[in-house]
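Engineer: So the chains spell out like this:
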Amino acid sequence: KGFHCPDGERTCNPCLDAAKACNLNNSCKKQRSTYIATCNKEDPNRGDACSRKRCHKALRMFLDRVPAEFTHRLLFCPCQTVGCAERRRQTIVPDCSYNDKEKPNCLELRRICRQDSLCRSRLADYKVNCAMTPDSASTCPNQDNHQACLASYTRLIGTDMTPNYVDSSESNWVISPWCTCKGSGNQEEECTGFLRHFTDNTCLRNAIQAFGYGVDNVQSR
Amino acid sequence: KRARRPKPCSLRELELTVSELGLGYDSDETVMLRYCSGKCAAQRHNYDIAMQHMARAGFRKRGRKDKVSNGPCCRPTAFEKDFSFLDNRSRYHTIHNVSAKHCGCV
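Sequence lines, in order, name chains A and B. Quick note: the first sequence, position 57, residue 57 per our numbering, numbers continuous. Converting from the second sequence to our numbering requires adding 1000 to each position, the first position being numbered 1.
No wet-lab data here; the hints were simulated from the structure. Take the hints with a grain of salt, since some may be wrong.
Said to hold, decoys possible - Capping the alpha-carbon separation at 27 Å, the derived lysine-lysine pairs in DSSO-like fashion look like this: (1) A:Lys41 with B:Lys1081; (2) B:Lys1081 with A:Lys20; (3) B:Lys1081 with A:Lys30; (4) A:Lys57 with B:Lys1081; (5) A:Lys127 with A:Lys53; (6) A:Lys103 with A:Lys57.
Said to hold, decoys possible - Chain B is nowhere near these chain A residues, computed Cβ spacing over 12 Å in every case: (7) Asp64; (8) Asp100; (9) Ile112; (10) Thr133; (11) Asn142; (12) Asn145; (13) Ser184.
C-beta atoms are modelled at their ideal positions from N, C-alpha and C, and glycine is treated no differently.
Based on the provided sequences and hints, a complete structural model is requested.
Structural biologist: This is the structure we're talking about:
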């Protein structure tokens, strides 16, 4: 419903429209303000840094409590400009919830995630619902269930495996958790295989693209 | 021409961008600004009637130049919780007490 930009419309910013829709809904506005304020707040115990733990918790609460028609619109808004894509990247307050001083190895990050029951189950859920199907007719499992993939992706936000858009590219966007496969040694193949679930996932890519063009709107009700 | 009956003090709302609030933030995000407007004529206390009289002559007679309000004002009695937004330079901000939650004649 109306996320699609008219061709050549330069000022069109579906991510800004998504923020407007949220701000005009009392519950969404309140919950969004809460996680932003939490994630943007300096923790007195940690110098000028934020409390990532509190930020993650606030993000999970926002995404749990606010209906997907608002949250998915903020996370998966389709962009044709860098300004829009930058706003989309900023949705989860990445300076606090995503970026870190060091980029761990992805298998190490997965090990950390698996030690936490919430992260472990949500990652398993993501791998099932956003699995790439060998069947060439569909891209997502269960009759192209894009909504299930988007919902599983959303539930990873606020865990150690928090994914995000890696930059503000409007067309060639890439999604990844904050990790790298450098220094994997003899596990390089396993690591890249794992990372590709995010960076090179046709099911996730199609689900996000289909959401942007409004194809899945009827299903999301 | 008959005078229009004044509307009582109540909460009103208006859609604005954050930039339009005039607080010095540059953001195209839209907010609902809630504010208080309307008449408080019905809520006048004896205090207000006494003050109206005193302001006319009473204070001067006793050598005072005080200025007083002679009626209650329609003002917010509570504000909405903090509001957070992303500005046009990709920075997040949180602003306080910018939108009214309840109005009253005080």
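Engineer: Keeping to a limit of 27 Å between CA atoms, is the pair of Lys1081 of chain B and Lys30 of chain A held or broken?
Structural biologist: holds, 7 Å
Engineer: With 12 Å as the threshold, tell me whether Asn142 of chain A passes as away from chain B on beta-carbon distances.
Structural biologist: holds, 35 Å
Engineer: Taking the closest pair, is the beta carbon of Asn145 of chain A still more than 12 Å from chain B?
Structural biologist: Fine: 31 Å to the nearest Cβ keeps Asn145 of chain A off the interface.
Engineer: When you check the alpha-carbon spacing of Lys41 of chain A and Lys1081 of chain B, does it fall within 27 Å?
Structural biologist: holds, 16 Å
Engineer: When you look at the beta carbon of Ser184 of chain A, is every beta carbon of chain B farther off than 12 Å?
Structural biologist: Correct as stated: the minimum Cβ-Cβ distance to chain B is 33 Å, above 12 Å.
Engineer: Taken at face value, is the distance from the CA of Lys1081 of chain B to the CA of Lys57 of chain A at most 27 Å?
Structural biologist: Between Lys57 of chain A and Lys1081 of chain B the Cα gap is close to 20 Å, so the pair holds against 27 Å.
Engineer: Taking only the CA atoms, is the gap from Lys127 of chain A to Lys53 of chain A under or equal to 27 Å?
Structural biologist: Roughly 24 Å separates the two Cα atoms, so the pair holds.
Engineer: Quick one: work out the minimum CB distance from Asp100 of chain A to chain B and report holds if it exceeds 12 Å, violated otherwise.
Structural biologist: holds, 18 Å
Engineer: Find the nearest Cβ of chain B to the Cβ of Thr133 of chain A and say whether that gap is larger than 12 Å.
Structural biologist: holds, 36 Å
Engineer: According to the definition I'm using, a residue is off the interface if its beta carbon is farther than 12 Å from all beta carbons of the partner; does Asp64 of chain A meet that for chain B?
Structural biologist: At about 18 Å from chain B, Asp64 of chain A clears the 12 Å cut-off, so the statement holds.
Engineer: The output says Ile112 of chain A does not contact chain B. Does that hold with a beta carbon cutoff of 12 Å?
Structural biologist: Its Cβ never comes within 12 Å of chain B, the nearest being 27 Å, so this holds.
Engineer: Lys1081 of chain B and Lys20 of chain A were given as a pair; does the straight-line alpha-carbon distance stay at or below 27 Å?
Structural biologist: Distance ~17 Å between Lys1081 of chain B and Lys20 of chain A Cα, so the pair holds.
Hint check: no violations occur; every hint is consistent with the structure.
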